[in-house]
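Trainee: One-letter residues, chain by chain:
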Amino acid sequence: MPDFILDVQGLETTFNTPEGIVHAVNGVSFGLAESETLGVVGESGCGKSVTMLSVLGLIPSPPGKVTAGTAYFTRKDLLKMSNAEIRQIRGAQIAMIFQDPMTSLNPVLTIGRQLEEPLMLHIGMTKNQARDRAAELLTMVGIPNAKERLNDYPHQYSGGMRQRVMIAMALSCSPQILIADEPTTALDVTIQAQITDLVKRLRDELGMAIIWITHDLGVVAGLAQRVLVMYGGFIIEEAPVNELYSNPEHPYTIGLLGSLPRVDEKERTKLFSIDGQPPLLYQKPSACPFAPRCKWALEHCWNEMPPLLNVGPEHRAACWVDTKTGRHR
Amino acid sequence: MVTTDSNDILLHVDDLKMHFPIYRGVIQRQVGAVRAVDGISFDIKRGETLGLVGESGCGKSTAGRTILQLYKPTAGKVYFNGTDLVSLKTEEMRWIRRDIQMIFQDPYASLNPRMTVGQIVGEPLMVHGAMGGHELQERVKHLLDLVGLNPLFASRYPHEFSGGQRQRIGIARALALQPSFIVCDEPISALDVSIQAQVVNLLEELQSQFHLTYLFIAHDLSMVRHISDRVAVMYLGVLAEVASRDEIYMKPLHPYTQALLSAVPIPDPVADAKRARVILKGDVPSPANPPSGCRFRTRCPFAEEICSQSQPEFREIRPGHFVACFFAERFL
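Going down the list, the sequences are from chains A and B. Residue numbering for the first sequence is 58 to 386, as defined by my numbering. Residue numbering for the second sequence is 12 to 343, as defined by my numbering.
With the rest of the complex left out, here is chain A (with noise of 0.2 Å):
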């Protein structure tokens, strides 16, 4: 096992509503190496981004509440830190960009002016160092004239260049983390093409590790090292990114995988679809969530939550079913 800086452990975060308590995340464990490119799948409510919000202490609360778990940073719980402590860790060493960058700018200050605060604030830079660098900052992400557009606000700039905003002000303090929350799935195929080339380029200059948050099997096969694929709130799957997509093991993973269609696709085929619907959770699942939707469910898959078992070389899958042969592990 390599040295983990980001060491995350038993997560489990629930939030009130109306309708009863949402058991979104349920002992999530996982770890980040050192400039590692982490990739986390997962449909809507799987609980992706509520772990990283989670780890962040970004969960609003209430309604949200982190019930158990520990998420180390160089030994130290983030979790049990203060507001004033983690907020000196948030934005300087780990980083987060968000999905939408039409939301998470603030329409009424300047691009330079939201450029700057981070800068000031976390590295005590003044006004003018702040200024010259934001411009710098604009240039590295592919902003051209960076000086003169820092005046502008940000409806003056397109949805890509937004998020390229966004990635320079992740990047201002030179995280050891940055967490990418979707970033590229409000934009369009060709700008997507040209942020995560941005990213992929970044992260060998910086070398910085990411977190890498998407729906999107296509784009984390290009961009990530090692995927977690979740569901329910667990991480049912844990692989380097080849041998997911050459071998995966979790049904749910075999049928997402399935249930794509190729861009180079050769034959039509009828697009495997996985039946039923993703579980509410407003009860905390106590057999394996994904159970049924499974063909290949066991009795034992709905009694009792299979854990993470290593099925091959770094590859752990939580299912109780061998699929190659159907049977029981």
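Incorrect hints may appear among the rest.
As the list claims (entries may be wrong) - Calculated cross-link-like contacts (lysine-lysine; reagent style DSS-like; alpha-carbon spacing at most 30 Å):
#1 K262/B to K327/A
#2 K381/A to K352/A
#3 K262/B to K257/A
#4 K257/A to K83/B
#5 K323/A to K262/B
#6 K152/B to K352/A
#7 K88/B to K257/A
#8 K56/B to K327/A
#9 K83/B to K56/B
#10 K381/A to K285/B
#11 K56/B to K204/A
The set of hints was computed from the structure by calculation and includes no laboratory data.
Since chain A is already given, all that's left is putting chain B on it; use the hints.
Mentor: This is chain B only, laid out in the frame that chain A set:
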């Protein structure tokens, strides 16, 4: 561009334009127009699926709505079964609407929250089919069954359903009057991956069962490849390329199509690493003020002087393969 009276052509669109005026100032003078659709021509054959792809703002949804006469076109003709829809009176158009239906992108906004599923699916039957009572109930149940929903759900309200189930309700409503042509406007974009496959499989089954013709509007090129027989690529209000699905994906002749295809991520790290990628610079220009000449020239890696001087003709470079580029021969 193509003959209209051929019998296997269901829909023929001829130089269709849809400009939305921009008004400014105290007296609201018209100062310009957003040229959302600026002269597109294509055919759809009976029983086929034509995929219409492009990025946001390229005019693909406007094109779909204008074909259905939900907007009054600025210019151009739309022939459906040989009848020009643009010249029809409202009353005449209403009769033809039975045969042309639409499935919308957002399954949360396209169903009336105050109507039960039975009322939603039954409404077209009451309006157009003069159906009522027991006959109507039975037909609604049959339709729900057809799209894979429990017929007992007819008395429930839309909020009780998930996104995928709602999209099935929208499909049942579109099928109610047994149309021959359905415009599917991004029917799966709002759905999760595993649910997308369910809905696409359903659309394919229904197509073969009822000999439906689809105009499938989408931005997801992998899904379009999967579902379409032919594909039309749109950029900034005009068509860049139209061809059979194999030609478009194996041998794209327009630089925009090439770039678009290379930008689509492949869910396979080995295949993804092997292919050459074209990364376009910049953003899509505004359709209110499109570039002179070829609309794509500002982002095109092959643009030359001629591209800014005149608009390339949309021409048939190989049988059934249309492309709007001066230099398409280079890629043959």
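Trainee: Now tell me, hint by hint, if it's right for this structure.
Mentor: How the hints compare with the structure:
1. For the hint pairing K262/B with K327/A, the CA-to-CA distance comes to about 24 Å; that is within 30 Å, so the pair holds.
2. Taking the CA atoms of K381/A and K352/A, the gap is near 13 Å; set against the 30 Å cutoff, the hint holds.
3. Taken as a hint, the K262/B and K257/A pair is honoured in the structure, with Cα atoms around 29 Å apart against an allowance of 30 Å.
4. For a cut-off of 30 Å, the pair hint linking K257/A to K83/B is broken: about 46 Å separates their Cα positions.
5. Only pairs whose Cα atoms come within 30 Å are accepted, and K323/A paired with K262/B is accepted, the gap being roughly 13 Å.
6. This hinted pair checks out: K152/B and K352/A have alpha carbons roughly 28 Å apart, not beyond 30 Å.
7. For the hint pairing K88/B with K257/A, the CA-to-CA distance comes to about 47 Å; that exceeds 30 Å, so the pair is violated.
8. Taking the CA atoms of K56/B and K327/A, the gap is near 22 Å; set against the 30 Å cutoff, the hint holds.
9. A hinted pair counts as satisfied when its Cα atoms are at most 30 Å apart, and K83/B with K56/B qualifies at roughly 24 Å.
10. For the hint pairing K381/A with K285/B, the CA-to-CA distance comes to about 29 Å; that is within 30 Å, so the pair holds.
11. Straight-line distance between C-alpha atoms of K56/B and K204/A comes to about 54 Å, which puts the hinted pair past the 30 Å bound.
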